[in-house]
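Position chains B, C and D against the provided structure of chain A, taking the given hints into account.
Protein chains: 4
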Amino acid sequence: MPIKRNKAMVYLSTQRIEAFSDGVFAIAITLLVLEIKVPHLEGSESLWSALGHLWSSYLGYIFSFLMIGVYWANHHHIFNLYKKSDHYFVLLNVVFLMCISFLPFPTAVLAAYIADEPHRQAAMTFYAFGLLLPAISWVSMWLYAVKGHRLVDPNLSPAFISKTTRLFLLSNAMYFAAILVSLWNGIAGLILCTSLTLIFIQAPSEPTYIVENINDH
Amino acid sequence: MPIKRNKAMVYLSTQRIEAFSDGVFAIAITLLVLEIKVPHLEGSESLWSALGHLWSSYLGYIFSFLMIGVYWANHHHIFNLYKKSDHYFVLLNVVFLMCISFLPFPTAVLAAYIADEPHRQAAMTFYAFGLLLPAISWVSMWLYAVKGHRLVDPNLSPAFISKTTRLFLLSNAMYFAAILVSLWNGIAGLILCTSLTLIFIQAPSEPTYIVENINDH
Amino acid sequence: MPIKRNKAMVYLSTQRIEAFSDGVFAIAITLLVLEIKVPHLEGSESLWSALGHLWSSYLGYIFSFLMIGVYWANHHHIFNLYKKSDHYFVLLNVVFLMCISFLPFPTAVLAAYIADEPHRQAAMTFYAFGLLLPAISWVSMWLYAVKGHRLVDPNLSPAFISKTTRLFLLSNAMYFAAILVSLWNGIAGLILCTSLTLIFIQAPSEPTYIVENINDH
Amino acid sequence: MPIKRNKAMVYLSTQRIEAFSDGVFAIAITLLVLEIKVPHLEGSESLWSALGHLWSSYLGYIFSFLMIGVYWANHHHIFNLYKKSDHYFVLLNVVFLMCISFLPFPTAVLAAYIADEPHRQAAMTFYAFGLLLPAISWVSMWLYAVKGHRLVDPNLSPAFISKTTRLFLLSNAMYFAAILVSLWNGIAGLILCTSLTLIFIQAPSEPTYIVENINDH
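Protein chains in written order, with the numbering used here: chain A, 1 to 217; chain B, 1 to 217; chain C, 1 to 217; chain D, 1 to 217.
Isolated chain A, as found in the complex:
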């Protein structure tokens, strides 16, 4: 008689999802350099001056590289807490990767227009929006996974879960605030985004567990 196997066996393991995500992170982060174009000299311009004019491309490269690098590190931190996956979790992760892979585009737009007075503000708002997208899909994955401890380690302490949820929602609110601020003043929005990145570069807090004995983990 045909029988069904344990559903969990067919679902993608979190390890597989991590490996694929690592590939996408590595490619998205490396593609950023393609947005820095070799300058074409005009008239008597020196190569140094032309390379100097690319400062906004260098800044965008460094900034987006750090952002994707931090997301990569955090992806591993958080996947240590995810113990199972299901079909919709895989889809949410694909959507998250879609937002990460999109980052080279707003980065290129920012680099192209940040020194262009009338368009700077729009470029900055668009970039802040590009940073908000992965933040939103990141918190969606987390909320989906912790609902009823569905996919996370069942021993995670409720206090740690609530604290992390609050932290993730706060980061969403802050990127949203960065969009609003950049609508008013592009430079202020850029400074806010940079500060947020510097905050997120800090080491994440340690998870806490409700078990007393951790030896069997």
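It should be emphasised that the hints constitute simulated quantities derived from the structure, not laboratory data.
Mixed in with the good hints, there may be bad ones.
Since the list can't tell identical chains apart, any single copy or any two copies may satisfy a pair.
[Said to hold, decoys possible] As a list, the in silico SDA-like pairs of lysine to any residue whose alpha-carbon atoms are at most 20 Å apart:
#1 Lys84 <-> Val70
#2 Lys147 <-> Lys163
#3 Lys83 <-> Val146
#4 Lys147 <-> Thr194
#5 Lys37 <-> Cys99
#6 Lys163 <-> Phe129
#7 Lys37 <-> Phe129
#8 Lys84 <-> Gln202
#9 Lys83 <-> Pro154
#10 Lys37 <-> Trp184
#11 Lys163 <-> Tyr144
#12 Lys37 <-> Asp116
#13 Lys83 <-> Arg16
#14 Lys83 <-> Ser13
#15 Lys147 <-> Ala159
#16 Lys37 <-> Ser140
#17 Lys37 <-> Tyr58
#18 Lys147 <-> Trp48
#19 Lys37 <-> Ala115
Below, chains B, C and D without anything else, positioned relative to chain A:
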């Protein structure tokens, strides 16, 4: 006396094929963003308006990202059923990856011409054709693998195999229908392709086995 | 007293080299699609006609994809025979990957000029040269590894080693012949290269061993 | 009572960092070929002559490919010595990868301007600077890891650590010297960079340990 080793030892393991395929999936999916070009403003156009005109590029990006993401997830589902590989199976997988890697091109064509009235229909048909190619090579791999239970788990129930074969052939027929529909009306073809993708995003059905005891799996 | 560890422990394992090589193969094979550019329509040209004019790009894509795919599969076959690595072997593998990664360029040149009568012959010769480069570095790795059974499985039969060496040298000679033929006639060179690829797509022959008992492998 | 788990469990394993770094290395090395552009023939120029004019692109490709390849091999050598990681070590590695991923850009600038007399010197200095960046971040990781034997194998002999530190600092000094030399004479700077690469292509020296018994390693 020189002797032959077991042939299966030299063939690529399905795990290796999966790892390589994951690499190609990750790159193809991430390259899609390169098709969204930073807009060059003309005259008094605002950056927002120029970014808005790229809506077809964003749509193409999202749509093809989801398609490749779904193929990636399904590739793992189905490779759980493949237990062995042989030389021609490896070649069929290379051909399948060739079709997946090709997707950024019809996506870029669609994005470039979907808003261009006289060329929209051709762009749409070409895109539907681009979606048909991986579907064809996907079903070819399956048919090759299940013929005489050659490469799949020998305990897979015949009912599950027939059902899956019918499902895959149906999906081929539907993408072919999308081509025909798009020849008549580009927008209708696009809607059909989108619906197909939404269907394929659903969780695949569980495999069934002829064995009663699954503990030794 | 400071002592030296076993040198082999510090050298890269063949598994690491394979994983890195797989990454380069996956990227080189996927980058090929970037050489197919979205056509810009001129005058009253239809999109179908413009897409049709890209036939040489499609051919180049398919041909180079198969070549890299076959090299990838063969790389795994042959790495089953390599049991150790050393510093110069790693460097030879880097040079081999350099030749594989270069392939998208001659492919793009071939696609751009194969339909351009006066330049077709040069494009064809350059492409055949692009195929010869990985073939040369491939045989160099093999010759370095088998010299005194340095890096290969010590139980490989001498007959198998000589046969494989002859086969690899023959393939080098044939690609060199393809260069000469293409100097005389571009189309003939293309046909020869295609035939060679079709030959190499065949399953490689099985290794033979001098041991009688293979259970402990 | 909620308790904290061992901090080390949550930090990224050095294996994970290596796998991600390998991905970035593989992509950066393969992207180099994209900087070689298919030539557009003008007037009666032959394709051979146009392909010949790309000699600087070929040189840049070979040179940067070898540099990244050598860094990749050395990354594995050195990660055999790193036994733990922490948050700031992960960040330092991200910064190192940022410098490696940047290399295709100075390579493209060098290829574009090395044959352009008035700009050659600037292109060469910029390229030497591009080589100095990964060298600096490389030594930073090492200094951070060995401080108080924080992250390295605690049995590494102090003599080996000091010797390696001196070697890494020397390589920084030499790339800095290459910048100075190239400011005076571009060709001399190029020759110095090439010589440095040829030196670094040599096999690294073996680590030594303070333990007498190495069997339990």
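Discussion item. At most 20 Å between alpha carbons: which applies to Lys83 and Ser13, within, between, both or neither?
Written reply: both (9 Å within a copy, 18 Å between copies)
Worksheet item: At most 20 Å between C-alpha atoms: does Lys84 with Gln202 qualify within a copy, between copies, both, or neither?
Response: between (27 Å within a copy, 18 Å between copies)
Worksheet item: Can you tell me if Lys37 and Asp116 fall within 20 Å by alpha carbon in one copy, between copies, both or neither?
Response: both (17 Å within a copy, 18 Å between copies)
Worksheet item: For the identical chains here, do Lys37 and Phe129 meet the 20 Å Cα criterion within one copy, between copies, both, or neither?
Response: Between copies only: 18 Å across, 24 Å inside.
Worksheet item: Under a CA distance limit of 20 Å, which applies to Lys37 and Ala115: within one copy, between copies, both, or neither?
Response: Answer is both: 16 Å inside a copy and 19 Å across each meet the 20 Å cutoff.
Worksheet entry | 20 Å Cα threshold - placement of Trp184 relative to Lys37 | Result: close neither inside a copy nor across copies, 30 Å intra and 27 Å inter.
Worksheet item: For Lys37 vs Ser140, is the C-alpha pair at or below 20 Å within one copy, between two copies, both, or neither?
Response: For Lys37 and Ser140, the Cα distance exceeds 20 Å both inside one copy (36 Å) and across copies (29 Å).
Fill in: Up to 20 Å CA-CA - Ala159 versus Lys147, copy category
So Lys147 and Ala159 pass the 20 Å test inside one copy only (14 Å; across, 36 Å).
Discussion item. With identical chains, the pair Lys83 and Pro154 could be close in the same copy or across copies; at 20 Å between alpha carbons, which is it: within, between, both, or neither?
Written reply: within (9 Å within a copy, 30 Å between copies)
Practice prompt. Could you figure out if Lys147 and Lys163 sit no more than 20 Å apart (CA to CA) within one copy, between two copies, both or neither?
Written response: Answer is within: at 14 Å inside a copy they meet the 20 Å cutoff, but 34 Å across does not.
Item to complete: Using 20 Å as the alpha carbon limit, work out where Lys37 and Cys99 are close: within a copy, between copies, both or neither.
Response: between (23 Å within a copy, 17 Å between copies)
Discussion item. Checking an output row: Lys83 and Val146, CA cutoff 20 Å. Within, between, both or neither?
Written reply: The answer is within: 11 Å in one copy meets 20 Å, while 33 Å across copies does not.
In summary, the structure is inconsistent with hints 4, 6, 10, 16, 18 from the numbered list given earlier, while agreeing with the others.
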